[in-house]
Structure formats: C-alpha cells, structure tokens
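First to last, the sequence lines map onto chains V and B. Per this note's numbering, the first sequence starts with residue 1, numbered consecutively. Per this note's numbering, the second sequence starts with residue 313, numbered consecutively.
Derived by calculation from the structure, the hints in this document are not laboratory data. We put the beta carbon where it would ideally sit given N, CA and C, even for glycine. Among the hints, a few may not be true.
Restraint-style ranges between C-beta atoms, simulated for each label pair [stated by the list, open to error]:
id	chain 1	residue 1	chain 2	residue 2	range
1	B	Pro347	V	Phe194	43 to 53 angstroms
2	B	Ile321	V	Phe194	24 to 34 angstroms
3	B	Phe327	V	Phe194	54 to 64 angstroms
4	V	Gly274	B	Ala442	35 to 45 angstroms
5	B	Asp375	V	Asn29	24 to 34 angstroms
6	V	Arg251	B	Asp497	28 to 38 angstroms
7	B	Gly322	V	Asn29	36 to 46 angstroms
8	B	Gly322	V	Val293	50 to 60 angstroms
Heads up, incomplete: computed chain B residues facing chain V, CB under 7 angstroms, no partners named [claimed, not checked]:
id	residue
9	Pro347
10	Glu391
11	Ala395
12	Gly396
13	Asn404
14	Leu413
15	Glu417
16	Ala420
17	Ile421
18	Ala422
19	Gln424
20	Gly426
21	Leu431
22	Arg433
23	Arg555
24	Arg557
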Amino acid sequence: MNLLVGALSVGLLLSLLTLGVFLTYRVLNRLDLTTDGSFGLGAAVAAMLLANGVHPVTATVIATIAGWLAGAATGVVHTAFGVDTLLGGILVSTALYSVQLYVMHGGDVSLAAADTLPGLAERMWTALGGPAQVTLFGTSVSAGNIAALVLFVVFVLGSMFLMERFLRTDLGLAVRATGDNPQMARALGVDVGFMVTLGLVMANGLIALSGALFAQYQGFANVQMGLGIVVVGLACLIVGEALVGRSGPARQVTGVLIGTIVFRLLVAAALRAGLDANALKLVTAVFVLIALVLPRALGRALRPSPRPPVAA
Amino acid sequence: MSGAALELIGLRHTFFPGTPSEQRALEGVSLTVDPGTFVVVIGINGSGKSTLLNGVAGSVTLDEGIVRIGGRDVTRWPEHRRAGMIGRVFQNPFSGTAPHLTVAENLAIASQRGRSRQLFRLGLSSGRRAQLAEQLASMNLGLEHRLVTPTGVLSGGQRQALTLLMATIVRPAVLLLDEHTAALDPRSAEQVLRLTEETVARDRLTTLMVTHSMHQAVRIGDRLLLVHRGRILEDFSGPRKRRLRMEDLLDRFDQLRNADMLDESAAEMLRRAYV
Chain V
1 MNLLVGALSV GLLLSLLTLG VFLTYRVLNR LDLTTDGSFG LGAAVAAMLL ANGVHPVTAT
61 VIATIAGWLA GAATGVVHTA FGVDTLLGGI LVSTALYSVQ LYVMHGGDVS LAAADTLPGL
121 AERMWTALGG PAQVTLFGTS VSAGNIAALV LFVVFVLGSM FLMERFLRTD LGLAVRATGD
181 NPQMARALGV DVGFMVTLGL VMANGLIALS GALFAQYQGF ANVQMGLGIV VVGLACLIVG
241 EALVGRSGPA RQVTGVLIGT IVFRLLVAAA LRAGLDANAL KLVTAVFVLI ALVLPRALGR
301 ALRPSPRPPV AA
Chain B
313 MSGAALELIG LRHTFFPGTP SEQRALEGVS LTVDPGTFVV VIGINGSGKS TLLNGVAGSV
373 TLDEGIVRIG GRDVTRWPEH RRAGMIGRVF QNPFSGTAPH LTVAENLAIA SQRGRSRQLF
433 RLGLSSGRRA QLAEQLASMN LGLEHRLVTP TGVLSGGQRQ ALTLLMATIV RPAVLLLDEH
493 TAALDPRSAE QVLRLTEETV ARDRLTTLMV THSMHQAVRI GDRLLLVHRG RILEDFSGPR
553 KRRLRMEDLL DRFDQLRNAD MLDESAAEML RRAYV
C-alpha cells in the first residue's frame, strides 16, 4: 500500500485524538490522562460490536458515547469529590484498562471478518461508480484505501468545523474562559465545574471516536493501543502550533489537523529511514519534552537580564 | 421587595480554626446598604475587609451569618449563581480578564452574566460586536480599536478599566471593588477611579469599595466604614461623611493605636498616608 496515503489516513483519524487533547490541554488548561483509557475504550467497544455484526455506523456512535461516559466519569470524580483532574484521569484510565479487557473478553479482537466503516466506504465508492484504482502522488492506490481516505477527510473536516464553531458560541466562550481564568469565569456567573466536565466529555468522545476509527482502519483492536497515546496527541498539537500558530480558534483547529498529519508523515519517514519501531514512543516522549522545555530555555538564554516587572 | 440593596446579618468567619495560625477575619459584621449607595470600606491589612467582600460574593463560605441581595437570601448560593447579581473588580489586574481571549470575547462573556450560556448562538455576532465597540468607546481609552487584541497584552490600567466595564455591562445589584486601583501606577489608578465614579453615578449602582487609601476613603463615596479586627468600628454617612477630612480619619486611627488596638502594619499605613 502507498505509504503516503497510509500516513495521511492515520494522520486524519488521529487528528480527532489531537482535537480532544487540544480541548483539554489548551482550552481547559489541564492535562487529561483519561485520554489513554478512552482511546482504547473506543477501539474496544467498536471492535467488539463490529465482530458481533453490528452496523459500522452504530458501532462507531456507541464507541463515541463510551468516550463521553469516560470523560464524564473523570469530570464527576473532579467536581463531586474534589479530586484534581490529573489524578482523576489517571484513576479513570486505569479502571478503563480492566473495562476494555471485559469488553473484548481478552486482550485483542480481530476485525478481519467484520464489516467496518472503511469497508462500507469502499462499497459506496464502488456503487457510485468510482474506479478500482486511482493514481495518487504518482502511485496507484486501491479503491478501498481511497474510499477510506475520502471518508476520513469528510469526517475530520466536519469535526474541525464544528469544533471551531463551538468555541465561538456563548457556551464555547464560557468553556474557554474556564480554562483561561477560572476566577474570572466564576465572577461572571460561569459554573466552572460544569464547564470542565463538559470539556472532558467532548474531548473524550472525540478521542474514543479516534480510537474506534483507528481500530477499524488497522483491522484489529488491542488493549495496549491507548497506552501513551496522550503523548502522541501532545506531539501532534505542538507540531501544529509551531507551524500554524495558536491565536484564535480557527488557527488552533487548523493547527491540530496539520500538526497531526505532518507528525504522522514524519513518523512514516523516520521509520522508513530505519528508525527502530520499538524506539517510537521513546523518541516521541523526548520530542514532546524538548518542545515544551526548549522555548523557555531559549527565552532565558536570549534574555539574560531578569524579567522586568509587568507594567502596571 | 424589601428596601435594602444589600443586607448582611451577623457575619462571622475564622480561617484555619483550631490551628496555631487561626485567624478571626469577621467577628459579627452586620450592615444594611440602601440602593444606589456608594460605600467605601477602609481598614488595615488583616482587618477583614477583603473577607467581607469575598463573603458577599460567595468566594468564601462564611461560618455564620446571612447575606441578602435585593431582598433575596443568597447565603446558600454558590459563587457563580450569586454572580448573576454581583459585579466584581479584583485587586490583581490579572484576575478579572481571560488573558488569551480577546477584548471582544471577554466582553461577550461578561454580557451573558446571570444568563445561561447558549450553544447555538455565536458569542460575537457582528451586531453584538458593534454594540460592544460602542460601549468601549464611551470609556475613552481607545480600547474600541483593540477588540481583537488578547487582554493579556493590555496594561494593568486598561485591564482594570475593561474589568470594570465587564462587571457593569449587565447591571449588577451590587458592585464589589476590592482595592481595584492598589496595584496600578498613580496615573492609571486615578483614571480607573474616575471611571469608577462615573459608572457608579451614571447607573446609580449600589457599590462596596474596599480601599487602603485614606485619600480615596475621604474623597469618594456616600458612606465610609472603618473595619478593624473583623468589626465595623465607624460608620460615617450623610453629612458626617461629607464633612469628614483626612485629619479626622487619622485621629480616629490614632485613638485606635492609643487604645493599643493597632499593630505595626497600621502604623506603617499612617506613615505612608502622611507622606
């Protein structure tokens, strides 16, 4: 299969993961570790349903709802019991590991024999009279791959559009204010606990959706799938912000999409150039660390004098 | 509806009770404020004046007492619900605005205070944007040209002026100002204070303003409360407030010191006031 189309497809469906990480890490200003659990949960739920012959659309929707519930669990742990969201996320995602094992009756589920969204897309492609082979980027691509790609493009662009729009509504502004300055939000009548929970629900729904699509794309679900996935989301987010900037929702959401695709292309290129696949998580983690620390270190190096006091 | 805009009955609060750092912030404060009255609250550090404001706003859950706003008992309401009736400006210029959101977005959020946040309505339609620009222009700070600027890059004075507009864009039943000019340079402080007086007078807002400054306390407001050790010691209003001069206030603080009720921080404040 064409490597480029593969990286593009994976980048597209993982951009929903990045969108969820963006919503918690940037908009709500808190790192949500429910991410690892909800990505795996989305994959597990979708795979289990598909293996039992449920329609791909229904299975994907139910997987997304499972993600909402995971986010709501972290939100309730935070608001009702006063546990901070970081610990709450760790607790929920740890619990979800067992949930995934129960859902899948084991560590993994194969979708080789099941109908999936990419399969559905391919049948629609053929039914609409699409050619069996398409030449893309100079290589020929099968109908199945191109149909999946088109499906992901539509799905992802739609999600990005809705998210950008949401962030500019009254409700979206309240969620952003909650992350940016909770004291101000409360003083203006915003129920901060509710907004945090709403953000967590939306984010984990997107992340579970991403996991469900990923499982269908690669043809199996595995309980290990979600482990460390939050770091991948962060890496994609950082790449996007470096390329597109982060002023305003439109730019931020575009950055999420472009960052994820570029990051996946970089990964594909690195693997092709001989990077040991076992080192991938190590390299990703080091990359995120450097990207987070470097700007501050550079700032210090370039401005040796102590920071002047903020002008009153 | 009863006549009072704000009614406080027997407010008591102790921080860290039962520990060595136990601090009695309020020891039975009762207060009735008529609609449209501008009340200035003065006191030294640790006198309880900020706790009083936070108790009204609901950011501190008081041990005892009743808070009524516009005749409604809000004692058990959480802070965000009370915010429907309260406008606030904080001492720290960073506290009142969301730094990564633009001036217009901050105002849009403030314009929904006390209402439910709609999912299907854009925060900044073009009509709303124009209206916000108009309101900003009336403040004469040039902020109407900076609608798409993140508030994080504004100066402290601009931010406090913006916060004041945000606190009053929906008419609050009570406006709470917590030393909102203390962190500003003298010129900005003067400007924000002038805007405060204009806004309060124009909208006839019931206002509670905490201050450190005797100058402000004497010059501004219809009523002055002197808070000390969690109690209201003096309550100047009407002609008494109008006749009040700096010297009277200094004398009163002197009396407190002679009565051995004043500590080092108060003496420091008096020294500063003389300079």
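Hints, verified against the model:
no. : hint                                    : in the structure
1   : B/Pro347 / V/Phe194: 43 to 53 angstroms : violated (32 angstroms)
2   : B/Ile321 / V/Phe194: 24 to 34 angstroms : holds (31 angstroms)
3   : B/Phe327 / V/Phe194: 54 to 64 angstroms : violated (28 angstroms)
4   : V/Gly274 / B/Ala442: 35 to 45 angstroms : violated (59 angstroms)
5   : B/Asp375 / V/Asn29: 24 to 34 angstroms  : holds (32 angstroms)
6   : V/Arg251 / B/Asp497: 28 to 38 angstroms : holds (34 angstroms)
7   : B/Gly322 / V/Asn29: 36 to 46 angstroms  : holds (39 angstroms)
8   : B/Gly322 / V/Val293: 50 to 60 angstroms : holds (53 angstroms)
9   : Pro347                                  : violated (21 angstroms)
10  : Glu391                                  : holds (5 angstroms)
11  : Ala395                                  : holds (4 angstroms)
12  : Gly396                                  : holds (5 angstroms)
13  : Asn404                                  : violated (9 angstroms)
14  : Leu413                                  : holds (6 angstroms)
15  : Glu417                                  : holds (6 angstroms)
16  : Ala420                                  : holds (6 angstroms)
17  : Ile421                                  : holds (5 angstroms)
18  : Ala422                                  : holds (5 angstroms)
19  : Gln424                                  : holds (5 angstroms)
20  : Gly426                                  : holds (5 angstroms)
21  : Leu431                                  : holds (5 angstroms)
22  : Arg433                                  : holds (5 angstroms)
23  : Arg555                                  : violated (34 angstroms)
24  : Arg557                                  : violated (29 angstroms)
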